[in-house]
Every structure is written in structure tokens, then in C-alpha cells.
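Enquirer: The task is simple: from the sequences and hints, build the whole structure.
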Amino acid sequence: MIQVIGENVCGMDPNARFEGGKVIYSKDLEFQVTASRKHWDGTHGDIAVQTNVEDQRSGVDVYAIRELGGEYH
50 MIQVIGENVC GMDPNARFEG GKVIYSKDLE FQVTASRKHW DGTHGDIAVQ
100 TNVEDQRSGV DVYAIRELGG EYH
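If you're matching positions, the sequence shown starts at 50 in my numbering and goes up one per residue.
Among the clues, some could well be false.
To be verified - Ranges of calculated distance between the beta carbons of each label pair, as one might list FRET restraints:
hint: 1; residue 1: G60; residue 2: T83; range: 15 to 25 Å
hint: 2; residue 1: P63; residue 2: H93; range: 32 to 42 Å
hint: 3; residue 1: T92; residue 2: P63; range: 13 to 23 Å
hint: 4; residue 1: D90; residue 2: R66; range: 30 to 40 Å
hint: 5; residue 1: L117; residue 2: G70; range: 30 to 40 Å
hint: 6; residue 1: N64; residue 2: R86; range: 11 to 21 Å
hint: 7; residue 1: E68; residue 2: D90; range: 27 to 37 Å
hint: 8; residue 1: E103; residue 2: K76; range: 29 to 39 Å
hint: 9; residue 1: G69; residue 2: H93; range: 11 to 21 Å
hint: 10; residue 1: R115; residue 2: H88; range: 28 to 38 Å
hint: 11; residue 1: T92; residue 2: E68; range: 35 to 45 Å
hint: 12; residue 1: L117; residue 2: T92; range: 16 to 26 Å
hint: 13; residue 1: Q52; residue 2: R106; range: 32 to 42 Å
The hints are simulated quantities; they were obtained by calculation from the structure and are not laboratory data. Where a beta carbon is used, it is the ideal one built from N, C-alpha and C, also for glycine.
Expert: Structure, rendered in C-alpha cells:
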């Protein structure tokens with residue numbers, strides 16, 4: 050099963066920090082990824098971070114991969 054984290058998580062996170070228009074920290078996204086990983090067996094399913102145009106522009110995908118241990122598929 051794929052756990053989908055919906056789009057605009059960082060944009061709606063009041064604690065998110067941006068530098069040069071790019072997200073450098075999001076407490077909400079970090080929490081959602083960490084909580085999902087806590088219950089993941091490492092084999093079946095995975096987590097997907099859904100992004101929209103604004104998320105792409107602000108680098109949410111890059112942040113999730115580099116800072117939260119994601120992979121690009």
C-alpha cells in the first residue's frame with residue numbers, strides 16, 4: 050500500500066521555513082514522513098509525496114528526497 054502525503058503540505062505549514070523561495074524545513078512534512086516510516090516494514094508499500102506546481106517551484110520534492118530520506122521514482 051502507498052501512503053500518500055498530499056500536496057501543499059509545506060505551503061500550509063505555519064512552521065515551514067523558506068530560503069530563496071525554496072523550502073528548507075517543514076515540521077508538518079517531517080512529522081508525516083516520520084510517522085509513516087515508524088509503521089512501515091521496509092518491504093511492502095512506501096510513502097509518496099504528492100506535489101503540485103507550487104510545490105515543485107518551492108522545491109518540496111527536493112527537500113523530501115535530500116532531507117527526509119526519500120527516493121525519486
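Enquirer: For each hint given before, does the structure comply? Return the numbers of the non-compliant ones in rising order.
Expert: 3, 5, 8, 9, 10 and 13
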